[in-house]
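S.K.: Take a look at the letters that make up each chain.
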Amino acid sequence: MVLPLTEILSAQLPLDAPVAWRPDNSRIPRRQFLDATSALAARLRECPEVRWALCFEDAFLTAVATFACLAAQKQIVMPGHAQPERLREQRFFFDALLTDIPLLELENLLVIHLSNHDAEFFPEDSFQGASSLSSSVFDFSQSTVTFFTSGSTGIPKPNVKTIAQLEIENQIQAACWAGNIQNSCITGTTSPLHLYGFQFRVLLPLTCGVPFNTELVEYHEQLHAIPGPVSLVTSPAFLKRLDPKLPELRASFILSAGGFLSSAVSEQARQLLGIAPFEIFGSTEAGAIAWRDNNTECQHWTPLPGVTVSADAEGRLALRSPFLSGGEELVTDDKVQLDPVAKTFLLLGRLDRTLKIEEKRISLPEVEKVLLSLPHVADAAVVPFETQTRTILAALLVLDEAGLQEHALLGNARYLLQLRQRLRTRLEPVAIPRRLKILSAIPESAQGKRHTPTLQAFFETQPSQSPTSGLATMAPKFPHILSQTSAAKLGRESTIQLSLQLGAELLWFQGHFEKHPILPGVAQLNWAIHYAQKFLSSPGKLLRIESLKFKKPLVPGDLVILALRHTSENQRLDFVYTLDGETVSLGKLTLAP
Amino acid sequence: MKLHTEIKQLIIDTLNLEGLAPGDIDAEAPLFNEGLGLDSIDALELGLALKKKYNIVISSESSEARKYFSSVARLAELVSMHQGRA
Numbered sequence: 009m010v011l012p013l014t015e016i017l018s019a020q021l022p023l024d025a026p027v028a029w030r031p032d033n034s035r036i037p038r039r040q041f042l043d044a045t046s047a048l049a050a051r052l053r054e055c056p057e058v059r060w061a062l063c064f065e066d067a068f069l070t071a072v073a074t075f076a077c078l079a080a081q082k083q084i085v086m087p088g089h090a091q092p093e094r095l096r097e098q099r100f101f102f103d104a105l106l107t108d109i110p111l112l113e114l115e116n117l118l119v120i121h122l123s124n125h126d127a128e129f130f131p132e133d134s135f136q137g138a139s140s141l142s143s144s145v146f147d148f149s150q151s152t153v154t155f156f157t158s159g160s161t162g163i164p165k166p167n168v169k170t171i172a173q174l175e176i177e178n179q180i181q182a183a184c185w186a187g188n189i190q191n192s193c194i195t196g197t198t199s200p201l202h203l204y205g206f207q208f209r210v211l212l213p214l215t216c217g218v219p220f221n222t223e224l225v226e227y228h229e230q231l232h233a234i235p236g237p238v239s240l241v242t243s244p245a246f247l248k249r250l251d252p253k254l255p256e257l258r259a260s261f262i263l264s265a266g267g268f269l270s271s272a273v274s275e276q277a278r279q280l281l282g283i284a285p286f287e288i289f290g291s292t293e294a295g296a297i298a299w300r301d302n303n304t305e306c307q308h309w310t311p312l313p314g315v316t317v318s319a320d321a322e323g324r325l326a327l328r329s330p331f332l333s334g335g336e337e338l339v340t341d342d343k344v345q346l347d348p349v350a351k352t353f354l355l356l357g358r359l360d361r362t363l364k365i366e367e368k369r370i371s372l373p374e375v376e377k378v379l380l381s382l383p384h385v386a387d388a389a390v391v392p393f394e395t396q397t398r399t400i401l402a403a404l405l406v407l408d409e410a411g412l413q414e415h416a417l418l419g420n421a422r423y424l425l426q427l428r429q430r431l432r433t434r435l436e437p438v439a440i441p442r443r444l445k446i447l448s449a450i451p452e453s454a455q456g457k458r459h460t461p462t463l464q465a466f467f468e469t470q471p472s473q474s475p476t477s478g479l480a481t482m483a484p485k486f487p488h489i490l491s492q493t494s495a496a497k498l499g500r501e502s503t504i505q506l507s508l509q510l511g512a513e514l515l516w517f518q519g520h521f522e523k524h525p526i527l528p529g530v531a532q533l534n535w536a537i538h539y540a541q542k543f544l545s546s547p548g549k550l551l552r553i554e555s556l557k558f559k560k561p562l563v564p565g566d567l568v569i570l571a572l573r574h575t576s577e578n579q580r581l582d583f584v585y586t587l588d589g590e591t592v593s594l595g596k597l598t599l600a601p
Numbered sequence: 003m004k005l006h007t008e009i010k011q012l013i014i015d016t017l018n019l020e021g022l023a024p025g026d027i028d029a030e031a032p033l034f035n036e037g038l039g040l041d042s043i044d045a046l047e048l049g050l051a052l053k054k055k056y057n058i059v060i061s062s063e064s065s066e067a068r069k070y071f072s073s074v075a076r077l078a079e080l081v082s083m084h085q086g087r088a
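Chains as they are written, first to last, in our numbering: chain A, 9 to 601; chain B, 3 to 88.
Bear in mind the hints are in silico, worked out from the structure with no lab data behind them.
Be aware that a few hints might be false.
Result set (DSS-like, lysine-lysine): computed pairs, CA atoms no more than 25 Å apart in a straight line [stated by the list, open to error]:
#1 Lys523/A x Lys69/B
#2 Lys364/A x Lys54/B
#3 Lys445/A x Lys53/B
#4 Lys55/B x Lys523/A
#5 Lys377/A x Lys497/A
#6 Lys445/A x Lys497/A
#7 Lys368/A x Lys165/A
#8 Lys69/B x Lys559/A
#9 Lys253/A x Lys53/B
#10 Lys53/B x Lys248/A
#11 Lys248/A x Lys54/B
#12 Lys54/B x Lys557/A
#13 Lys351/A x Lys53/B
#14 Lys4/B x Lys248/A
#15 Lys557/A x Lys364/A
#16 Lys485/A x Lys377/A
Restraint ranges, calculated between C-beta atoms of paired labels, are given here [what the hints assert, rightly or not]:
#17 Ala31/B x Pro313/A: 35 to 43 Å
#18 Pro32/B x Ser34/A: 45 to 53 Å
#19 His384/A x Pro32/B: 20 to 28 Å
Sample of chain B residues facing chain A (criterion: CB under 7 Å; computed from the structure) [said to hold, decoys possible]:
#20 Asp26
#21 Gly39
#22 Ile43
#23 Ser64
If you're wondering where the values come from, they're calculated on a predicted model, not measured in any experiment.
Glycine included, every Cβ here is placed at the ideal spot set by N, Cα and C.
The following block holds chain B by itself, in its conformation from the complex (with noise of 0.2 Å):
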C-alpha cells in the first residue's frame, strides 16, 4: 500500500492539509463529499499534481473521472493502470 501512502502524502501537501499525516485519510472514504470535504478547486489543483507525478491521463468522460476521483483507493487504481500500461 506504498502507493496509497504515496497519493495520501501528494493529496496533503497538494492541499495544503496542514499538519495532516497519510495516517489521517481513509483510503476508501470520500474525497470531495464527506471525508476531507474537498471542493472542485481542489478536484482541478488534485487533477494537475496527479498528472504531473505520474503522468496519467483524465477521462474526458466525466462520469469516468469522478469514478476515479471519488477516493484515495480509486486514484491509486488508476495510478497502477497506468503505470502497468507505461
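In isolation and in its complexed conformation, chain A is listed as follows (with noise of 0.2 Å):
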C-alpha cells in the first residue's frame, strides 16, 4: 500500500492500525493520531494566522502538526532548531508557533504547546476526528513546507517546497524503500524538523502504512529495547559512534544520509546492525539526488529515478530533478567525478566556504558574523580543525581593549568558555568553535585573502601544559643535531643543512597524540625559524606565511634533514625537511626584518 499524501487523512483504513509507536511500546493507534489531528486542525481554523512553525521532538506530534496545518490550510515552516534567539531572527518567515517544548515562548507571538497527555488533543475516547475527515476531500495545492539552508553568504536561506514537489520525491521514495521498510518499525536518530527526517521518518511511514517510532534515538543502546525489526533513518554521525561491545543486532534496513559513510564504518555497522546502510546523497534544496548501496563493494553514486546529472569542466554538479520546482537546472556546490556511461558519479568535495560538521552544514561566514557581532570582537576568522576524532571550529578573533582586558583576567580556556555559553543560543552546537586564539591582526595575503591553512598553522596542538602532565615542563623542545653542513653564504642568500634526531621525549610528543604521537607542525615552523637566527643570523620574529605544506607524519626516532634559505634582501626564509630523501614538508616564510 502506497497511499498519497493527500489521501493520508482520508483514506478508509483500520483505525486501530497502528501508525506509530512509543518507546515504552505502546502503539498509537490510526483513530489516535486522525482525532489529534482533527480536533488541532479545528483549533488552527480560528486562528487568522496562516505561516506556523513547527518546533518538535516528537515524530508522531510533528504529524499531527504537519496534517492539522495541511487540513486548516496553513503555510508550514520548519525552522528546523529550538532555539529562541535563532528564531526570534526567523520571525519574518512565521506568524505564529506550535511546538512540544514546554517553556518555548517568543514574544508577541501565539505559541501553541501540543504535548502526548493534553485532553484536548487527545480525548479519552472519541472517534469524531476519524469520521470528520473521512468525508472530506482535501486539497493540499496551495500548500507548502518552507525548510532553511545555511548559504555560503551566511543568511539562512528558506528553501519553500510545495505538497506537490514533497509527493513526488516521496512516491519515488516510496517505490525504492517500500519493500526494505515492511514489516519493521521505523526509528531515526535525526530530527524530524528537517528535510530528510521529516520524509524519512515522518511522511514516508505514514504513505506506506509503516508505524514509526515517536522518539529520537540518541545512543546505540536505545535501539536494543526496541521490540522487532528496525529499520533505521540515521546519518555517519551516529553510526560512526556505534559500540562494538554491545551484541550485534539484526536490522532489516539502514538508511544514511547528510554525509559519507566511510568503508571502515559502513563495515562495522554491518557487523553490529546485521546489514550495511544504504546512503542517500541530497540536499535541502535538491532533496534526495543519488543513492549508493554499502552491500556491494560499488563507490559510485546512482542518480534517483527521474534525476539527471551533468557536470561542467570544474567538476561542479548540476542536476535536473522532479523534486525542484520549474524544471530548471540546479547547480550545485559539490565537486564531482561523471561517469558518462554508467551515469553514476563520485562525490569529490565541496566548493566553497561551506563544510560538514557531523552532518550539519555549516556555514563559516554565518559563523563569523555571528563572532563579528559580539561585544569588544573587532575581527573574526574561523577554519575548520581536525581533532582525532572529529572536526571542530577554531576561531580567531582581534579585540578591542576592554575585551583584552578580559582575556587576560579569565585566561584563555574560560574566556572560551564564556564566549561558548553566549553564542550557544546563536549557533547550532556544532558550529561553536572549540578552540580559540586571540591575535592582534588577522594575517591575510597581499590581496587580502585569507589562506585557510595559515590560519590552521595558529592551531596545530600545543603539548599540554596541564599540572598533570608536569613532565612537559622539563621536555626539551629542540632535537639533537647530530651533523651541520658549515653555513654557505652566496651573494644575499645563505643556507645550512641540519641532521636531526627526533627523540621521544621532546616536548612537542607529549600529549600529541597520547597513542600515535607526531611532530605538530608548528615545532617544524618553531625550528626553522630558530635554526636560521642561530645559523644563518636572519631575524627570529615571523612576519607571514607564504606557504607550508605539510606531506608525511614525522615519528619519535626518525631521522630529518632540515634544509634552509634566507634571502637578506627580501628577508625570505624557505625550509624543506626531508626523510629518507623523501619531503616531508616545505615552507616559505617572511621574517620580519
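Starting from two chains that each stand alone, build the complex the way the hints lay out.
M.R.: Put into C-alpha cells, the structure is as follows:
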C-alpha cells in the first residue's frame, strides 16, 4: 500500500492500525492520529495566523501538527531547531508557533503547545476525528513547507517546497524502499524538523503504512530496547559511534544521509546491525539526488529515478530533478567525477566555504558574522580543524582594549567557555568554536585573502601544559643535532643543512597524540626559524607565512634533514624537511626585519 | 569528590576542551545546553569514554540516559552506583 499524501487523512483504513509507537512499546492507533489531527485543525482554523512554525522533538506530534496545518490550509515553516534567539531572527518567516517543547515562548507570538497528554487533542475515547476527516476531500495544492539552508553568504535561506514537490519525491522514495521497510519499525536518530528526517521518519512511514518510533534515538543502547526488526533512519554521526561491545542486532534496513560513510564505518555497521547502510546523497534545496548501497563494492552514486546529472569543466555537479520546481537546472557546490556511460558519479568534496561537520552544514561566514556581532570583537576568522576524533571549528579573534583585558583576566580557556555560552543561543552546537586564538590582526595575503592553512597553523596542537603533565615543562623543545653543513653564503643568500634526531622525549610529542605521537607542524615551523636565526643570523620573528605544506607525519626516532635558505634582501626564509630523501614538509616564510 | 574531578578530567580530555581545568567545570551545571554547551556528538563520545573507563551501562531508556548525562554530579552517581554493584 502506498498512499498519496493527500489521502493520508481520508483513506478508509482500520482505525486500530498502528501509526506510531512509543518507546514503552505502546502503539498509537490511527484513531488517535485522526482525532488529534482533527482537533488541532479545528483549533487552527479559528486562528487568523497563516504561517506556522513547527518545533518538535516527538515525530508523532510532528505528524499531527503537519497534517493539521495542511487540513486547515495553513502554511508550514520548519525552522529546524528550537533555539529562541535564532527563532527571533527567523520571525519574518512565520506568524505563530506549534511546539511540544514545554517552556518555548517568544514575545508577541501566538504559541500553541502540544503534548501527548493533552486532553484537548487526545480525548479518552472519541471517533469524531476519523469521521470528520474521512468524509473530506483534501486539496493541498496551495500548501507549502518551508525549510532553511545555511547559504555560503551566511544568511539562512528559506527553501519553499510545495506539497506537490514533496509528493513526487515521496512516491519515488516509496517505490525505492517500501519493500525494505515493510514489517519493520521505523526509528530515527535525526530530527524530524529537517527535510531528511521529516521525509523518512514522518511522511514515508505514513505513506507506506509502516509504524514509526515517536522518539529520537540518541544512543546505540536504545536500539536494543526496540521490539521487532528495525528500519533505521540515521546518519554517519551516529553510525561512526556504534559501540562494538554491544550485542549484535538484526536491522531490516539502514538508511544514512547527511554525509558519507567510510567503508570501515559501513563494515562495522554491517557487523553490529546485521546489514550495511544504504546511503542517500542530497540537500535541502535539491531533495534526494542519488543513492548507493554499501552491501556492494560500488562507491559510485546512482541518481534517483528521474534525476539527471552533469558536471562542468571544474567538476561542479549540476542536476535536473522532478523534486525541483520549474524544471530548471540546479548547480551545486559539490565536486564530482562523472561516469558518462553508467550515468553514476563519485563525490570529491565541496567547492565553497560551507562544510559539513557531523552532517550539519556549517557556513563559516555565518559563524564569523555571529562572532563579529559580539561586543569587543573587532575581527574574526573561523577555520575547520581536525582533532583525533572529529572536525571542530577554531576561531581567531581580534579584540578591542576592553576585550583584551577581559581575556587576560579570565585566561584563554575560561574566556572560551564564556564565549561558547554567549554563542549557544545563536549557533548550532557543532558550529560553536572549540579552539580560540587571540591575535592583534588576522594574517592576510597581499591580495587581502585569508589562507586557511596559514590560519589552521595557529592551532597545531600545543603540548599540554596542564599540571597533570608536569614532565612536559622539563622536556626539551629542540632535537639533537647529529651533524650540520657549514653555513654557506652566496650573494644575499645563505644556506645550511642540519641532520636532526627526533627523540621521543621531545616536548612536542607529549600529548600529541597520546597513543600515536607525531611532530606538530608548529614545531617544524618553530625549528626552521630558530635554526635560521642561530646559524644564518636571520631575524627571529615571523612576519608572514607565504606557503606551508605538510606531506608526511614525523614520529619519534625519525632522522630528518632540515635545509634552510635565507635571502636577506627580502627576508625570505625557505625550509624543507626530508626523511630518507622524501620531502616531509616545506614552507616559504617572510621574517620581520 | 575525587570521582567528580576524575570525571571532569575525562570530559576535558575526551572532548578536547583545551586549557580548561577540572575546577572550571561546575559539577551541578548542565553539560549539554548552558554550562559547557556540548552537543549530541559529544554525548556519544562521552558515553563511549565512560563505558571504556568505568564499564558503566547506559540505559536503553532515553529519559534515564538523559538524566545521568545532565551534569558531572549525576554522572558520578551513575559511576559510583555501578562501582558499588561490581
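S.K.: All the hints need checking, so say for each whether the structure fits it.
M.R.: Hint-by-hint comparison with the structure:
{"no.": "1", "hint": "Lys523/A x Lys69/B", "verdict": "violated (33 Å)"}
{"no.": "2", "hint": "Lys364/A x Lys54/B", "verdict": "violated (28 Å)"}
{"no.": "3", "hint": "Lys445/A x Lys53/B", "verdict": "violated (33 Å)"}
{"no.": "4", "hint": "Lys55/B x Lys523/A", "verdict": "holds (16 Å)"}
{"no.": "5", "hint": "Lys377/A x Lys497/A", "verdict": "violated (49 Å)"}
{"no.": "6", "hint": "Lys445/A x Lys497/A", "verdict": "violated (38 Å)"}
{"no.": "7", "hint": "Lys368/A x Lys165/A", "verdict": "holds (15 Å)"}
{"no.": "8", "hint": "Lys69/B x Lys559/A", "verdict": "violated (46 Å)"}
{"no.": "9", "hint": "Lys253/A x Lys53/B", "verdict": "holds (10 Å)"}
{"no.": "10", "hint": "Lys53/B x Lys248/A", "verdict": "holds (16 Å)"}
{"no.": "11", "hint": "Lys248/A x Lys54/B", "verdict": "holds (16 Å)"}
{"no.": "12", "hint": "Lys54/B x Lys557/A", "verdict": "violated (36 Å)"}
{"no.": "13", "hint": "Lys351/A x Lys53/B", "verdict": "violated (45 Å)"}
{"no.": "14", "hint": "Lys4/B x Lys248/A", "verdict": "violated (32 Å)"}
{"no.": "15", "hint": "Lys557/A x Lys364/A", "verdict": "holds (23 Å)"}
{"no.": "16", "hint": "Lys485/A x Lys377/A", "verdict": "violated (38 Å)"}
{"no.": "17", "hint": "Ala31/B x Pro313/A: 35 to 43 Å", "verdict": "violated (51 Å)"}
{"no.": "18", "hint": "Pro32/B x Ser34/A: 45 to 53 Å", "verdict": "violated (30 Å)"}
{"no.": "19", "hint": "His384/A x Pro32/B: 20 to 28 Å", "verdict": "holds (26 Å)"}
{"no.": "20", "hint": "Asp26", "verdict": "holds (6 Å)"}
{"no.": "21", "hint": "Gly39", "verdict": "holds (5 Å)"}
{"no.": "22", "hint": "Ile43", "verdict": "holds (5 Å)"}
{"no.": "23", "hint": "Ser64", "verdict": "holds (6 Å)"}
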